[in-house]
Amino acid sequence: MDFLNALVTLLNFVIIPATAYGAQLALGALGVTLIYGILRFSNFAHGDTMAFGAMVTILVTWFLQGAGVSLGPLPTALLALPVGIAATGLLLIGTDRAVYRFYRAQKAKPVIYVIASLGVMFIMNGIVRFIIGVDDQRFADGERFIISARTFREMTGLEEGLAFRTSQGITIVVAIIAVALLFWFLNRTRTGKSMRAFSDNEDLALLSGINPERVVLYTWLIVAALATTAGVLYGLDKSFKPFTYFQLLLPIFASAIVGGLGNPLGAILGGFVIAFSEITVTYAFRRVVSYLAPESWQPDGLLQLLSTDYKFAVSFAILLIVLLFRPTGIMKGKSI
Amino acid sequence: MQPKHVLLFVLVGALFIGTGFVQSWNTALTIFNMGLVSAIMALGVNMQWGYAGLFNVGVMGFVALGGLAAVLVSMPPVEGAWAAGGVQVLLGLVLGAATIVGAILVWGRMRPGRMRGIVILIILVAGFFIFRAVFDAGVARVESVDPALTGYLGGLGLPVVLSWPVGGLLAAGAAWIIGKTALGLRSDYLAIATLGIAEIVIAVLKNEDWLARGVKNVTGLPRPVPFEVDLQANERFVELAQGIGADPVSASTIAVKLAYAGLFIVVLLALIWLSEKALNSPWGRMMRAIRDNEISASAMGKNVKARHLQIFILGSAVCGLAGAMMTTLDGQLVPGTYQPLRFTFLIWVMVIVGGSGNNWGAVLGGFLVWWLWIQVEPIGLMLMQGITAGMAEDSALRDHLLDSAAHMRLLTMGLILLLVLRFSPRGLIPER
Amino acid sequence: MIVVEDVHKHFGGFHAVDGATLTIETGSITGLVGPNGAGKTTLFNVIAGVLEPTSGRVIMDGEDITGLPPHELFARGLLRTFQIAHEFSSMTVRENLMMVPGGQSGEALWNAWFARRRIASEERALARKADEVLEFLTIDHLSDEKAGNLSGGQKKLLELGRTMMVDAKVVFLDEVGAGVNRTLLNTIGDAIQRLNAERGYTFCMIEHDMDFIGRLCDPVIVMAEGHVLAKGTIDEIKANEQVIEAYLGTGLKNKAATA
Amino acid sequence: MSGSPYEDDRGNKDRSITRPAAPRMGDPVKPGGQPRKIEGDNPFLIGRAMTGGYGSGADILHGCTIAVEPGEIAVIVGPNGAGKSTAMKAVFGMLNLRQGEVLLDGEEITELTPQSRVGKGMGFVPQTSNIFTSLTVEENLEMGAFIRRDDISGTMAQVYDLFPILKEKRNQAAGELSGGQRQQVAVGRALMTKPKVLMLDEPTAGVSPIVMDELFDRIIEVARTGIPILMVEQNARQALAIADKGYVLVQGRNAFSGTGAELLADPEVRKSFLGG
Amino acid sequence: DSVTLGVIVGFTGPIESLAPAMADGAEMAMAEVTESGNLLDGMSVTSVRADSTCIDSAAAQAAAERLITADGVDGIVGADCSGVTTSILSNVAVPNGMVMVSPSATSPALSSIEDSGLFFRTAPSDARQGQVMTDVIMDRGISEVAVTYTNNDYGQGLADSFAAAFEAAGGTVTLVSAHEDGRADYSAEVGSLASAGGDALVVAGYVDQGGSGIVQSALDSGAFDTFVFPDGMVSQALTDNFGSDIDGSFGQHPGTDSEGAEIYHGMAEAAGFDGTSPFSKESYDAAALIMLAMQAAGSTAPADYAAHIMDVANAPGEPIQPGELGRALELLAAGEDIDYQGASAVELIGPGESAGNYREISIEGGEIVTARYR
Ligand SMILES: Nc1ncnc2c1ncn2[C@@H]1O[C@H](COP(=O)(O)OP(=O)(O)OP(=O)(O)O)[C@@H](O)[C@H]1O
Ligand SMILES: Nc1ncnc2c1ncn2[C@@H]1O[C@H](COP(=O)(O)OP(=O)(O)OP(=O)(O)O)[C@@H](O)[C@H]1O
Ligand SMILES: CC(C)C[C@H](N)C(=O)O
Ligand SMILES: [Mg+2]
Ligand SMILES: [Mg+2]
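Chains as they are written, first to last, in this note's numbering: chain W, 1 to 336; chain R, 337 to 768; chain P, 769 to 1027; chain U, 1028 to 1303; chain Y, 1304 to 1677.
Hints are computed from structural coordinates only; laboratory data are not their basis. Hints are not guaranteed to be accurate.
[Unchecked claim] If we take Cβ atoms under 8 Å as the criterion, some of the chain P residues that face chain R in the derived model are:
id, residue
1, P838
2, L877
3, R930
[To be verified] Label pairs and their calculated CB-CB ranges:
id, chain 1, residue 1, chain 2, residue 2, range
4, R, K516, P, E966, 41 to 51 Å
5, R, F357, Y, D1607, 24 to 34 Å
6, P, D1003, R, G453, 43 to 53 Å
7, P, G781, W, N187, 21 to 31 Å
8, Y, G1551, W, A67, 30 to 40 Å
9, U, Q1126, P, E966, 40 to 50 Å
[As the list claims (entries may be wrong)] Keeping only pairs whose Cα atoms sit at most 30 Å apart, straight-line, the calculated DSSO-like set for lysine-lysine is:
id, chain 1, residue 1, chain 2, residue 2
10, R, K516, R, K641
11, W, K107, U, K1298
12, P, K897, P, K937
13, R, K641, P, K937
14, R, K340, R, K613
15, U, K1221, U, K1196
16, R, K641, P, K1006
17, R, K516, R, K613
18, W, K107, W, K193
19, W, K193, U, K1194
20, U, K1223, U, K1196
21, W, K107, U, K1196
22, U, K1194, U, K1223
23, U, K1057, U, K1221
24, U, K1057, W, K193
25, R, K641, P, K897
26, W, K193, U, K1298
27, W, K107, R, K340
28, P, K1006, U, K1223
Glycine included, every Cβ here is placed at the ideal spot set by N, Cα and C.
Please put together the full structure from these sequences, using the hints given.
Written out as structure tokens, the structure is:
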């Protein structure tokens, strides 16, 4: 019984949250990695793209909720998601027309795109705050939990609870589906292969009859889908606040780099590495150990390696060590 | 510099002078002083990126280390803190360092194998616990010395200007560690290593209260220039001010700012002189060659790794120096204000907009972008007022727009950035 | 003398170089030929310190130089050129040459700031030397041109010129001839021969143009499937059955039919 | 150097936040142009009086003309930097012509983008960066057949027959191949298009003698099926020996032209361009 | 003819949702005074807003510099967060001899800062809040709590003073741990806090920031279900976010049950903003105090009126409620004493800070209800 309690504690406070957070990061990192792989630059506007997509979805969700539409146990936002994706797609394509296309025609160096994306980031940031404001917005409805801590305790009679949220479940499932789809698309379909070819050698792609503008279009559309989905899922799970989406950028980039920039599988792995290292290294194991250890051995300290103050620093330190032994990231980077 | 570029400097100068006339000279000088510091930071980043193509996204960390130096050098030592636990804290740190050194020595001495792994692990684990035991106890004692006002070790009580080179040294030390491990590897690694180190530096600054009070902030740093209130109380100064027809309060605030500006200008000019001389020497030629083609440069006998390390350390030291200067100017160390957007990305924008690879470009970018960063706020508000001028007084849209005016800051910044980039893609003063 | 002892280089399970053993005599112009994928470039990269061998040793004048980084090999007089020219494209042709010599005092920052007179005189000497080299290579009219603007063949001359800025001992040339106009190639060939005769450079060159190899090289080493297949004079090689089958072939079938 | 300020950042290599692109070939013609029917008797493919250069830089081509008829092999030779590759790119629409025109099969295609020219049946192997390094050998070949909608397995088998080593390495990334092997992939990629006209820029550079002979053989075979072949070669003597038509380019101008045999026989040409 | 007051609060940044109601409060006082036409012979009062960002002291200083030297303000309402308040005060306000009245900077360190007599606050020091929070918790029979605070001077100052007071009162603090604002995920923090255990979780954070993230994460994982909310957390946003999920939780923030508060709520509602939002009342009072002091001094020069702020705020004199500023000005003009009560029952003590009345709240049925005042 005590062993079960220990296990449940670990699951509840470490494994489930880390998995869900990892999946969230992974979805974001997937978008970053795709742009890096195909359009060749790090898009600093990605966090704000996610915010924009989530914002549109929220507005539509409110409308739907107002009209009494619902998905039963699932959040209504899922119904609004396609609209969000479409709007974000339009925004991204518009941005591409207004900003990036010019540099593509000029064959600008990648660093120019990066700095341009900073400019785009500022602007999107402004737009989102303009439309929906700066406050926290909540739009989750339906069942919040697949299983809540209280229900679990009642069901099992264990001392410890185990909570698993609907949003966490959806995030994990969606992340798996997204990466599988993306992988299949890039490696098996004609369009996907042509995108990889374009990413590899633009001019030669022209000589093979590949239309670059189409590749760019597809890329932005996929990115829009990924970013909106990531943004909405994050918002469902936590809450929507423009500022946080900007802050997400750092862990997302860390995930993408650790996994190997440009590699979709790497992005997924990277997300989990970051999430797990953030959560495990600073976890206080007292509660877990107190179930396992005999009465007289009860720990009086927290059994915490480092205080949570350092969780971000620690996860970075771990990355540095990982990279020392695997300098190209976990998966070899840049091979979309 | 070509005439066109001199003209650009004149234009940016005009922005500041215009600020002086339209807003106030105090405002203009405040922005100008931070502009000087920004220009120095931009110089540092430009050394790394413009000369050598090294991508440092941890500028914030080096700047913060400079800030730490200002506290450690200039604050008076805290009475009793050293006696209470200061020595023990230092002892703890020495023990920690000894553990790592010991592990490295053993690693070198012993044959590879499982035995070595076990011994290293034992050393590290034992060392960690001894370190924590000694160190934590010391820290607790230091931090309990009057926590509301001090609760830290204090500094050396030396003149604050000394902290500028010390800030450079601290940053250089950190850069040496990162460079040693990161520069030989793929350059992604440098990006994440610098990103990580910056976060780690900030985390330490925030959480190690014994060092510089953590988030409780150190305020009231000694200044290299007189206090305004002292000037206002000084009869000779007041007479002097009235002699030129100024009121003593604004005369004193402006005088103090000018004094800072003087100090900073000396530093900036010295750095520009050094960088220009270096860039136009065989050393500069070698750096350009390395940046052009690393493989070929190393086949031509240049030690690429060592050179990268050198320039990385130098650039970081300059950022550290600027950080110490900034903290001196602020008169306080506030770890919470160190944000990547402000201290890493904004500096990058300065370098790229100014013109990477060109020292004058970086300096120009520093002044211009900083001026914008401050002034887009009122500009944005003005813009909003302009847009809403024609709307009905009570329209909800008008209210919403005016309330959102604060967000115009980022929007305007983005717009300006994109415009500069579009019409002057290699920066305002491109590399020759 | 450079001795390559049983060098292996594996990529995953693939053995690109598989037990290569060969000697490059001091003062020779050694040719290295072999079918595509024989492992020639890989072997070059191992010798020049770009790739770490899986096993085996490289010895230069009795000293083990396996795994030394390129800049240390340079200091020992071992230089290489690249199959694709690696010029410093944003620098002028003269600067490309002037940056080559090691140990310039102006490469130390301290001197760059405080010993400007010494540097100036060193620079004058370097510039003179660079101009001499350019004249030798008949591209002195291009000395102030950006190196990136040179045509393919001129870039290859520049690559060669860099080896002349210092007293190189051994120079490795990877396919200098590929894509170079044959008339220009003859000029390069002359330059190589003069460097070999007048300055005592040892050369080792990869090449697929058998006429060019024949004109310059003795001996010629043939590699196939990662190891040495044959070694000898050009005539011996041309007559070697195995070499003909693996590498040289017997000429055009169709052309014989049409002509 | 094309002089575009956007392009020139002096070699800064920031592999961390951005991915440097493969070197670019030129300035592809912008989309929007239409082909135009042309009356009169013209060669099957001709770049006529072409003048142009890269970006806003100086002219590289000065009124140069290149043509080829079905079943013919036309070979371009000349010193390095003469503009041979530039002429090929101009014909393929990788360069904005300032003057002159390109005609294909009775149509004026000067304004057409490269990808539409591929659609019209042109195939091209550039001199450098001519493979997708991160794609596998087989994917490279598939990309060659990108515009084809029919079954490509037959053509692929033919390519593998021609270059057996490629079959062996079909699932390896093309970037890991040796120089000569890459060249074979590049030619194979162009053959996959089943082109109506084939343009090759130094297909034999860095290729071992035995493979070179094979290649030339194959080229002759392709030409015999009636497909015109336009090719740049530095292995000029061998190439001219199989050529129906030869052009010598010097500094962007036609210096000599004639049949392959005529050029080979011209002592002036031999001395200055064929290495004696 | 005209007086200008600067209002410098964090329109962007971690308390961006509190800022509008604060600025509106301050401006309501100005409008009231202008309308009355009683200030120094009918001067009107205009407001100039500036963004303190709450965290970026360089930007905040530049903004303050602009207010003083370019817009020529005669007094400043603000700043909001303790960190930027300190920097503006010592680097801009004191050198320029400008009066600052902060409605919300609560850091204990501000009590002893060198201010040349120019700095006042209508909010109490957190040293006091730690004490009050201890009483609030103890009174509910809870003796073991975990504490998490936002990692800045406000959060740490409050957490420290609370922990000291709580332990002195015989309680147990199982863990005091910081959280960074704006992070994407708080599972690690909540994991540690849960491991440490406790009957309630004290969240000394900002509701627009990590504070809500922590509460959400703790609720979801079932780690805690009773929370204690100090000032940075109590706002409409809290109940909007969590509704009845946090029923049974409680907290306190500076506030009074004075009739002034009631009046103020009504006035705010009429003006179209939420007067119950924390520090909105204090902002109104801060602006009012400056203007009343001007009247008392008969001058708009900071050097003249600074000394009168304590006078008008404290007894003796005629008590003044919100909405009565016009009358107060008249009284002052007539040379009579006033005791400004205002919206938050202002009583300035010691170095010029609010004595500290707190409103103890509890969450019932998804609403914030007043439990009592302390
Ligand atoms: N990084 C790599 N990964 C896997 N295989 C590789 C790699 N580099 C080279 N190879 C393989 O090693 C073999 C030898 O390559 P190498 O480049 O040395 O040939 P080479 O003799 O120079 O041929 P060529 O004359 O065509 O240039 C080739 O079959 C190639 O596919
Ligand atoms: N992308 C480019 N941008 C600018 N200039 C170019 C570019 N490519 C080639 N050039 C210049 O155009 C001229 C002609 O080059 P081109 O490549 O056509 O020569 P080539 O005859 O093919 O020579 P080679 O035999 O060496 O391949 C050269 O001077 C070269 O420097
Ligand atoms: C607005 C408030 C939440 C500010 C907080 N009391 C501080 O001092 O930082
Ligand atoms: Mg090779
Ligand atoms: Mg060519």
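Here is what the structure says about each hint:
Interface restraint check for P838 (chain P): the shortest CB-CB distance to chain R comes to about 4 Å, inside 8 Å, so the restraint holds. This hint holds: L877 (chain P) has a C-beta 6 Å from the nearest C-beta of chain R, less than the 8 Å allowed. Annotation: interface hint on R930 (chain P) holds; nearest CB of chain R at approximately 6 Å, less than 8 Å. Against the hinted window of 41 to 51 Å, the Cβ-Cβ separation of K516 (chain R) and E966 (chain P) comes to about 44 Å, which satisfies the hint.
A hinted range of 24 to 34 Å for the beta carbons of F357 (chain R) and D1607 (chain Y) is consistent with their spacing of about 29 Å. D1003 (chain P) and G453 (chain R) have their C-beta atoms about 60 Å apart, which leaves the hinted 43 to 53 Å range violated. Here the CB-CB span from G781 (chain P) to N187 (chain W) is close to 22 Å, well matched to the stated 21 to 31 Å. Checked against the given bound of 30 to 40 Å, the beta carbons of G1551 (chain Y) and A67 (chain W), roughly 35 Å apart, stay inside it.
Evaluation of the 40 to 50 Å hint for Q1126 (chain U) and E966 (chain P) yields a pass: the beta carbon distance comes to about 49 Å. At roughly 9 Å between alpha-carbon atoms, K516 (chain R) and K641 (chain R) fall within 30 Å of each other, so this suggested pair holds. As the CA atoms of K107 (chain W) and K1298 (chain U) are separated by approximately 41 Å, the hinted pair breaks the 30 Å bound. Between K897 (chain P) and K937 (chain P), the direct Cα distance comes to roughly 18 Å. Compliance with the 30 Å bound is thereby established for this hinted pair.
For the hint linking K641 (chain R) to K937 (chain P), the alpha-carbon distance of about 25 Å falls within 30 Å, and the restraint holds. In summary, the hint linking K340 (chain R) to K613 (chain R) is supported, as the alpha carbons are separated by about 22 Å, within the 30 Å threshold. For the hint linking K1221 (chain U) to K1196 (chain U), the alpha-carbon distance of about 22 Å falls within 30 Å, and the restraint holds. Between the alpha carbons of K641 (chain R) and K1006 (chain P) the distance comes to roughly 45 Å, so the proposed pair goes past 30 Å and is violated.
In summary, the hint linking K516 (chain R) to K613 (chain R) is supported, as the alpha carbons are separated by about 27 Å, within the 30 Å threshold. Between K107 (chain W) and K193 (chain W), the direct Cα distance comes to roughly 22 Å. Compliance with the 30 Å bound is thereby established for this hinted pair. Of the pairs offered as hints, the one joining K193 (chain W) and K1194 (chain U) holds, with about 20 Å between alpha carbons and a cut-off of 30 Å not exceeded. Annotation: proposed proximity of K1223 (chain U) to K1196 (chain U) holds, straight-line Cα distance about 28 Å (limit 30 Å).
Pair hint K107 (chain W) plus K1196 (chain U) does not hold up; C-alpha atoms about 33 Å apart against a cutoff of 30 Å. Straight-line distance between C-alpha atoms of K1194 (chain U) and K1223 (chain U) comes to about 25 Å, which keeps the hinted pair within the 30 Å bound. With a CA separation close to 25 Å, the supplied pair K1057 (chain U) and K1221 (chain U) stays within the 30 Å bound. About 23 Å separates the Cα atoms of K1057 (chain U) and K193 (chain W), which keeps this hinted pair within 30 Å; it holds.
For the proposed pair K641 (chain R) and K897 (chain P), the alpha carbon gap of about 28 Å is at most 30 Å, so the pair holds. A threshold of 30 Å between alpha carbons decides the hint, and for K193 (chain W) with K1298 (chain U) the separation of about 48 Å lies outside it, so the pair is violated. Proposed proximity of K107 (chain W) and K340 (chain R) is supported: the alpha carbons are some 26 Å apart, at most 30 Å. In summary, the hint linking K1006 (chain P) to K1223 (chain U) is not supported, as the alpha carbons are separated by about 39 Å, beyond the 30 Å threshold.
Consistency note: the structure conflicts with the earlier hints numbered 6, 11, 16, 21, 26, 28.
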